[in-house]
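Visitor: Can you make the complete structure from the sequences, with help from the hints?
Top line first, the protein sequences correspond to chains A, B, C and D.
End of the first sequence sits at 326 in full-length UniProt numbering; the numbers just go up one at a time, nothing left out.
End of the second sequence sits at 231 in full-length UniProt numbering; the numbers just go up one at a time, nothing left out.
End of the third sequence sits at 394 in full-length UniProt numbering; the numbers just go up one at a time, nothing left out.
End of the fourth sequence sits at 291 in full-length UniProt numbering; the numbers just go up one at a time, nothing left out.
Everything labelled a hint here was simulated from the structure, so no lab data went into it.
Positions of the beta carbon are idealized from the N, C-alpha and C atoms, including for glycine.
Mixed in with the good hints there might be a few duds.
[Stated by the list, open to error] Partner residues aside, some chain C positions facing chain A, computed with beta carbon under 10 Å:
#1 77
#2 103
#3 173
#4 182
#5 344
#6 380
#7 381
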Amino acid sequence: MTDALRKHGRGLLVFAVAAYALPLLLAGNRYFAFIGGIALLHVVWTAGMSLLYGYAGLMPLMFAGIAGISAYAAVGLMAAGFAFWTALPVAALFAALVGVGLGLPALRLKGFYFTLCSLVIQTVITLAFVYFVNLTNGDTGISQIAPPAWFGGPLQGVGFDLVLATLAVGAMVALVLIVEAPFGRRLVAVREDDELAEMLGIDVVRQKLAAFFVGSLFAAVGGAFYAPYVGFVSPRSFDVLLSLNIWLMVAFGGRGTIWGAVVGTVLLAPLPFLLQDYYKVKDVIYGLLIIGVIVLLPGGILGGLGSRAAAGTGTQSPGLRRKEAA
Amino acid sequence: MLEISGLTIRYGAFLAVGSLDIVIGKGDIVGLIGPNGAGKTSTVKALGGLIKPAAGRIAFRGRDLAGVPAHERITLGLSIVPEGRGIFARMSVEENLLMGAYAFDGADKAARMRRVYDLFPILAERRWQAAGTMSGGQQQMLAVSMGLMAEPEMIVLDEPSLGLAPIVIEEIGKALIRLREAGVTVFLVEQNATLTADVSDRIYVMSNGTVLHHGTAEEITRNEDMLGALL
Amino acid sequence: MNRTIVAAGLGLALVTPQTAAAADQESVKVGFVTELTGPWSFFGTACVAGLKFAEATLNPPGKRKIEFIQIDNQTQPTQAVAAARNLDIQSKVIALSGPTSSDTALAIYGYAEQNKVPFLVPVAAFPQLTKPGTRYSFRIEPNAAGWGYAIAEFVAKQKPGAKIALMHSDFALMRAISAGLKYQAAKKGLKIEPEIVFPQGSNDATVQAAQVLAANPDYVVVVGAGGFDNTITNQLLDVGIKPEKIIHPYGMATQVKGWGKRSVGSLYGTFFDANLDTVTAEGRKFIDDFKAQNKRLPSYVENYCYVTSQIIREVIDADPKAGDDREVFRNTLSALKSKEVTSGIPIEFDKNGARKEYIYFMQIQDVGEVEYKSKPVFTTNWDPEIIPVYDLVK
Amino acid sequence: MPTELVLISTLFTGLMLGVIFSLVAAGVTIIYGSIWMPNAANGQFFLLAALALWSAAVSWGLHPVVAALLVIGASVPASLLLEQMLIRRFYDVPNRNVSYFVLSLGITQILAGLFSVTYGVWSDQFQIPPLMAGITFLGPFPVSNSRLAALVTGVALLAALFALLRYHKYGRAIRAVFQNRDAASLRGVNVRAIYRLSFVLGNLVVAAGGVLYAFAYSFDLSVSWSMSITAFAIMIIGGPGSVVGAVAVGMVFGFTQAIVSAFASPTVATFSYLGAMLLILLMKPSGLFAR
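Guide: Here it is, written out as structure tokens:
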């Protein structure tokens, strides 16, 4: 545990300084501070996605759906009179468990079929958000979500941003600890060649399930904070595009690298906000960016600049090839 | 007919085949035996153009194959039946045979099909059956037949006896001898030394990517100690 | 490690505030957050097209200049909140406006109420935008539950005790319409049967059209979303339902054109239509200019966005301080008593910011390439709270 | 009479939706089976065909049949261009299904952005003029000749696709490449050429699906994602790479939607076939028609 922290200590320190500096530097302008806060929130999500995609080799496109379940659960509990800080763990745990329940059939699938299946699950979740009007208010969404209480007052402004910074740093520390633990190494073994991993005595489905649960927790915690931070949730807040964006941030930054996800998030999360004035070309730019990266830097930015072996997509074991052909 | 000289194949840092030399004359049946991982299948893949050798030269009927893409080699008269049979499991026997003659647009496919049905009558009975649902021996007969649909100068068989009962292996061996009578050169790559020795004129023994011995079938089989250690 | 620092720095550079444009003391800025991309882009762009026509005459010399700052919300609530925040903080707008979809409007609603920014919604019909206790949000379009109420009133007048088949997509707007319809139908002794709900993303209504045909209702109320609205209409006509029996709660120019010639005789509700006889001279000019430029007629979406700018002009003119003080703007808007310049229909807001509501029912007479002909057959207006909308639709 | 009416309309709807779902899913599965490209942009290609048809038939005023042939024909050079520019770069990349998925998301994003600022500002509903006027009665159930024609054309296209894959030399080669690309290459099949052919053929079938959809239904820009998801679901259940599976499951999807929405509700129908997908995967993870 301490080894892991020593190995990534400098990186974590730099990230923590940047994460806390961001809200303070932007405190003078609530708009930019808001974008910064959204980016920090996305770091929590991409940390979870990085664990699942970068290390466990799973590409769960139902990620946003899990975040949404948690957000709706937290809002529902708050409406029922619970404090946010009580609602948060309950909602997060609930959403992660629901996620595992829904993901159970999909997790038995190998390789890319899991991804396609999770895409369909995300669609079902979005439909459910619209359909269960009594719980979710349907596609109108829930407006005016109260900020959490914090030392007697509402948690707002820079205070909330700093809490998000803490959350983001916490998520990165958790990611480092998990990845450097034996559990993380087993995940990499599963990612590289699950048949070989099975032969080495690793229970592949159980490892995937465990990883999926932990990754879903990241999604759920982020979702629960999203609701009061933005002040509004609706099915469109947690649609498949968010799942794809979060995944893209990881792939863009460099799969299987600790800091790739952060780089991808910092570059991509603020982009839709900063391109708001260029709405006519925004989607085209975004699309070209995606294509540019996959053509020119297939391992992602950090994966492309760093050693190809670390990128995970740069090299490939025969096992992966076998799976593809299956 | 076929001249392999200095063939070297690498997978990353791993050397699969190191400087291999094999010569096969027209009308010969030549065997290549060796244990698992000796580099036999890599050699076959290089012949088929499925992998690029790191060094060496493969010449077929005097022509260097280096620049010839995989799918054009069959039109030169080099027909390869890969390991695992290379049949199309969800196609019928007849469709598989048609695939065997895929590269020969002008050919009389019905006549070619009649000739392989003569060689393996059981296939004619099963012509509408999905290849994947037949027995292992029948699948192997189909694989050889597909190779023959090209009416090649030379046929390369990779592990035709794999997973087959001895009686079926014997049948395959008889078919090979009939092929030679028809003037086809055969390159038999095998783990099964008995089958190879029964039908081959000459045998190459391969281990760890290089040729250890080379001689007539009798010379090799006489040296039973070496064979026992190898296989 | 160095890479990380460089990347983090790069990210910071991207979000570092640019120096805000020097505030022009003279002009009043209004933030216009609307759907220029995403699934609702048609409504946002139609709205902006209406606004553009108003802008031509909005700033006569001598009056304080009003400037609209448009931002795309991508039909995405998070983006809508961010855009509202951007306009509030960066551009220091006096008021917000623009959304044409209920969920983006509701997302901005939360921001406006929490941050005390006046918010004038041109086209969004979800009742909760003016729920009791609302202080800063004002809505120009009548609420959707009211449309359902009006349909029931209309049908009851045409045929007491009539049977209505109801087909609607599962969107909040459509649920609100159904709720209002069902509430008032019960009071008026009308029967609703069958009621068919389509999930979002539906594409076929053949079987449902056959079910409706088998039930033999007096009227069919069709509330589909987007292209599916057209599909339902076509399939009802295909199975032989007479157009005279079909009622759409709302109809826009593109929609009427889409229903086509064979829907002649069918009915639709609207709040502004080129064929209304109440259209004023300014309204007529707007219609003609719009038609010349866009090769189609404007509808209520374009009209409401046109009217939005007129209302803001009147607020600024009524109290010079309204251009600088949001509370004054809010109070002046709340007290405003005016008329739509295009149609002469009164504009007046109740204590929750809802407008005194009205609807016209039109019957299609002919559908052409650019224009269509229709005539008003029924009109009604009502107080926003004549039915318990805020209890009917949560 | 009412029961019969509902019954026949259910059958017709099942067939109509089934044919469109089958075409799109077959196109998707042909591309996935050959080059392992899970094309998330298939819904956008579908929509592109529908919108192009609308432009040709409504804006340019071409006869609908001419417009349809033009659009389906144009999909060939468009696919070849895309193949030349982007797709072929990844033929030999390891893990290429991930690369292709990312690529197709990029294409999706670009097309969605283009549609939104072009067609999106025009209208929120698009309708093609009918192929032919009039109504035909199937028993008591009246159906417009235009939709009947779309259905017949769709069935004919599916039959032609099957015939091509089963009896034509290149069709056999496509199936051979799906099943065993190395073996196909040894039999003289130019695998890269077959990749190219499959990509073109798959997109052509998807475009045909879009064109028929546009004749049968009004549509808007939101149809793209729901079609992508449906096609993926069908491909997974049917077994990726299996055209028979895609068509069989596509038909089942169409009939499920028709029957469940007739006897329960359309919402239950949507939930039920997505739920059925999860159940089937639980029992047979590789899909029903997998090798």
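Visitor: Which hints, by number, does the structure contradict?
Guide: 4, 5, 6 and 7
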